[in-house]
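Heads up: the protein sequence lines correspond to chains V and P, in order. According to our numbering, the first sequence is numbered sequentially starting from 728. According to our numbering, the second sequence is numbered sequentially starting from 3.
Keep in mind that the hints were calculated from the coordinates and are not lab data. Remember, predicted model here, so these are calculated numbers, not experimental data. Heads up, a few of these hints could be off.
If we take Cβ atoms under 7 Å as the criterion, some of the chain P residues that face chain V in the derived model are [stated by the list, open to error]: (1) I108; (2) R112; (3) G157; (4) E162; (5) I185; (6) E211; (7) T240; (8) P242; (9) K245; (10) M247; (11) H249; (12) P279; (13) A280.
Here are the simulated DSS-like cross-link-like pairs (lysine-lysine), alpha carbons at most 27 Å apart as the crow flies [said to hold, decoys possible]: (14) K147/P with K1082/V; (15) K245/P with K1004/V; (16) K1082/V with K146/P; (17) K741/V with K109/P; (18) K21/P with K1022/V; (19) K807/V with K245/P; (20) K865/V with K239/P; (21) K109/P with K942/V; (22) K29/P with K1057/V; (23) K239/P with K1113/V.
Backbone N, C-alpha and C fix where the C-beta goes; we use that ideal spot for every residue, glycine too.
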Amino acid sequence: MNIHEFQAKELLKKANISVPSGWVVESVDEAKQVAKEFKNFPVVLKAQIHAGGRGKGGGVKLAKSVDEVEQLSLQMIGMKLVTNQTGPSGKIVRKLLVEEGLDIERELYVAVTVDRAKEKIVLMASTEGGVEIEEVVKSTPEKIFSLEVDEAYGLYDFEAKDLSLKLELTGKLLSQGIKTFKGIYRAFVENDCSLVEVNPLIVTKGGKVLALDAKMTFEDNGLFRHPGLASLIDEHEEDPKELLAQKKGVNYVSVDGNIGCLVNGAGLAMATMDIIKHYGASPANFLDVGGGANKDQIKEGFGITLQDECVKGVLVNIFGGILRCDELAKGIVEAAKEMSLSVPLVVRLEGTNAKEGRSILKASGLAITSANNMADAAQKIVSAIK
Amino acid sequence: MAILVDENSCIICQGITGKNGLFHTIKCVDYGAKVVAGVTPGKGGKWVENIPVFDSVSQVVKEMKVDASMIFVPAPFAADAIIEAAGSGIKVIVCITEGIPVLDMIKVKRFLKDHPAILIGPNCPGVISPGRCKVGIMPGHIHKKGAIGVVSRSGTLTYEAVYQLTELGLGQSTCLGIGGDPIHGVSFIDILDMFEKDPETKGMIIIGEIGGTDEEKAADFIKNHVTKPIVAFVAGKTAPPGKRMGHAGAIISGGSGTAAQKIEMFKSFGIKIADNPAVIGETMKKVLESSLN
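Produce the complete structure using the sequences and hints provided.
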């Protein structure tokens, strides 16, 4: 689960990390009110969307006066912001973060994530902040410092110190560096994150270390431990079909094609999308109703698949294991009747009682095409939508 | 032979009194698995389906021999259940539970360094040695005793491959899923090594998917250490980047972990790839036949 920059900064603040002072606004009036609170200008207006690359896309602006805050917020609130991470359709800006402007001396990078190959939490830092870290990895990998953290103890003080020194945070900056690294690690662990990224972490001309930007992603499996974090979701940022699927407890990802897929099990669902492509068409979605699919899950699955207006046909691929195909066939027939299906439907049932299942589909009198195996199913749905 | 479990394995179920734990324990017993005890805290001293229930794993191992544990404990408590099993000296731990937080799994892996055990999963269908023993949730009857070893990151896609093999008359030595989570127990390499050393296994199928680098490592291992006929399949050619495809571990991040990269790696080492999921069994058959000529 992703959250906004301003929300990530709140959580970092709780972990004892300094962030610029600022307020979130949703209207021009609010922006104007907030602007009057600042003693010094310029201030920074930052569009709050779940995507990076905002600066280049026009989502970060400097305002030199209250009037400029008014003008710029008028332009920015409601704008469609297209960045290299939003895709061509962009994202609508609904919130602005208005922050104090700071004199930046240096821009650094720091992130905590899980290295799945090493099976460790790793802290990464670099002297090259404020740019895309992937670029730094490619061009100057020697400027990236990486540290595997002891999961039993956490980040040792001396490790935070060593890392600070590598980033040339010396003298009165050293204690701020240690505090920042310890805090970022703590925020990561205490919120079950999969990523905390501060890019840039800045050193001001006045000698302060602050998180100028922040990105935080929570690991979905850890959310049950943090009931408070769920409220940080911004539903505008999510695909509405994916959001609905999440509420119904099925795994759904929408993609660009026009054949809706309904499958039990994640691996089989991916493989089903692949075989549709193999036979020359494109899947509209990934949909895993769960390995042990039952009648109700299949109904929910149909509901979500058919919401997508691009869907010109539906392929149901169920491998009935513990649950019998005859039972599942009854579920499919019921769902198809209730939804008064108007697009071609191909069903492939395999596994326990598959024959009985297929005869139930046939006897239903509905326009359901039965398939004998995955290849047959894919070919049938591909030709049905042509 | 077969690997990991056979007809002599003594098995316990952690979480035996839960709905899924009980349902699948019965299915495993019906298949022929020797389930000797169950564990549910607070239910010690009770019996379910003629199986004694204990409060803790350490109580069980004091009283009887235990070779493997099957875990159905809910996600918030599952990591601790794995650690409890390993700490009690159980050597094969099969964790079916889905949804264990990654940070918990990092702690589990650290514990396993000092308490060696073979952890299968979590978020997996389990392991079956057809005709002998089943420790997991897979449908037993689609399997057939034989000589092909199957290892996969997925559940139903494994059933699909097994079903194709059985239809073609190719039985299986052992089939297992290593789990769909980013941090999990045994790797492809561990299992391929066991299959290579198992005299009964004559051929292998490895089923990978997007995310991580397990398949790349497996390809490298196959090139250097596997002599038996082998077929690979990788799911997720059409998966968009940055999206979690059902499994927590199935995600293309920062341009790495794509199916194309993994397939290319297998191919570059001369490892036979099943072009599409409908021909996994058929491809295995062809590779076996050509190895005999």
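To see whether the hints hold, each was checked on the structure:
no., hint, in the structure
1, I108, "holds, 5 Å"
2, R112, "holds, 6 Å"
3, G157, "holds, 5 Å"
4, E162, "holds, 6 Å"
5, I185, "holds, 5 Å"
6, E211, "holds, 6 Å"
7, T240, "holds, 4 Å"
8, P242, "holds, 5 Å"
9, K245, "holds, 5 Å"
10, M247, "holds, 6 Å"
11, H249, "holds, 5 Å"
12, P279, "holds, 4 Å"
13, A280, "holds, 4 Å"
14, K147/P with K1082/V, "holds, 23 Å"
15, K245/P with K1004/V, "holds, 18 Å"
16, K1082/V with K146/P, "holds, 20 Å"
17, K741/V with K109/P, "holds, 25 Å"
18, K21/P with K1022/V, "holds, 18 Å"
19, K807/V with K245/P, "holds, 23 Å"
20, K865/V with K239/P, "holds, 26 Å"
21, K109/P with K942/V, "holds, 25 Å"
22, K29/P with K1057/V, "holds, 24 Å"
23, K239/P with K1113/V, "holds, 23 Å"
Hint compliance for this structure: no hint is broken.
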